[in-house]
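Chemist: The primary structure of each chain is shown beneath.
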Amino acid sequence: MPHISLPEGLPGISSGFAFRPETAKPMRELAHTLLHGPSTLTSGERELIATYVSSQNDCYFCQTSHGAAAAAHLGEKSALVDQVKRDFLHSGVSKKLKALLVIAGQVQKGGKAVTSEAVEKARTQGATDLEIHDTVLIAAAFCMYNRYVDGLDTWQPSDPAMYSSMGAHLATHGYLTPSVSAPTLEVTK
Amino acid sequence: MPHIKLPEGLPGIRGAMAFRPETARPLNDLVEILLHAPNSLTPGERELIATYVSTENDCYYCQTIHGAIAAASLGDDEALVKKVKFDFENAEISEKLKALLVIAGQVQKGGKQVTAEAVSRARDEGATDIEIHDTVLIAAAFCMFNRYVDGLDTTQPRDEEMYRERGKRVARDGYVTVSKEYLPADATV
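Same order as they appear, the protein sequences are chains A and B. First residue of the first sequence? That's 104 in the working numbering, and the numbers climb one at a time after it. First residue of the second sequence? That's 38 in the working numbering, and the numbers climb one at a time after it.
Honestly, the hints are just simulated from the structure, not real lab data. One thing to keep in mind: the hints can contain errors.
Stated by the list, open to error - Simulated restraints, written as ranges between beta carbons of each label pair:
#1 A/125 <-> B/38: 36 to 46 Å
#2 A/216 <-> B/150: 17 to 27 Å
#3 B/205 <-> A/231: 43 to 53 Å
Each residue gets a CB set at the ideal place from its N, CA and C atoms; glycine is no exception.
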């Protein structure tokens, strides 16, 4: 049971967003810009960074929903998503994305854990300053989203169909509007 | 030197925000609602939560600027701010705020660290669901801001007077207003 009285029937972050729409708005806008807005990194690549960090933070809801969004962007390659979560260095992603995932993993441990060597390696693989910036901020932002979702002890169902449908919605529409609605509540606007 | 080329003369998060105004706007909107907008917790109490979490994350810029904003909101009581950073259970703050700081410290370690006992203690001291929610989100958000500031290795001058002066201005005018100094006009709309 969640630590506070959250709207029922809404999984994960959706319940926190419905409880406090004032903070939901900038949190949605931030995720939209970082993961869905214009970028030289594809949305699939950015969702993989979000999924990897959420998996390192052991947040079931975030790693599953963003993993589903990543898979939807990448032509339903859920095996690739699993491989990135487990062992990205041996996955089929680009060397540049591997170098960015190293930076993201360092940010997850702490801001001071990011090394010049890791940044240099990303740059050698062709990463721009903006791509490095966005990688740091995506990783940092998921250290927030993950703590928000688990820190309130939100309801996190293990229903693959629900996540797959959320992932498809996120991949198509982004983050500005809810990707799930509670069957018994009028929360979608 | 920062890991990427940030605008010069803007310390800490300001350089990063000026580098990427598209993400700066929702970040400023979020911190404005969490720390400055009207709330049953005072701005001083909420800034103490932000300062404490930033101290636990060892982010010099964030703990110093938010410590200065907290002091400015609390009648310039810098000694109280210092006491909260290092030993809040024995500080001259309310029992409710102590209980909320326990929750914030748990969130800093990880979302799953938040215990039902800590939430129950906060509730016994009179904390409402929205105050518990906001405490969790403030702590989570500073796990993002701290990583953003340190993860880019931003410039963080050791100049207490600079933080003190800026702290007074942010306490008075809020985050969104002050951000207009270093963000292009269209990013602060």
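Chemist: For each hint, tell me whether it holds in the structure or not.
Modeler: Checked hints:
Between residue 125 of chain A and residue 38 of chain B the C-beta distance comes to about 38 Å, which sits within the given range of 36 to 46 Å. Between residue 216 of chain A and residue 150 of chain B the beta carbons are some 19 Å apart, a value that agrees with the proposed interval 17 to 27 Å. About 38 Å separates the C-beta atoms of residue 205 of chain B and residue 231 of chain A, a value inconsistent with the hinted range of 43 to 53 Å.
Comparing the model with each numbered hint stated earlier shows that hint 3 is the single one that does not hold.
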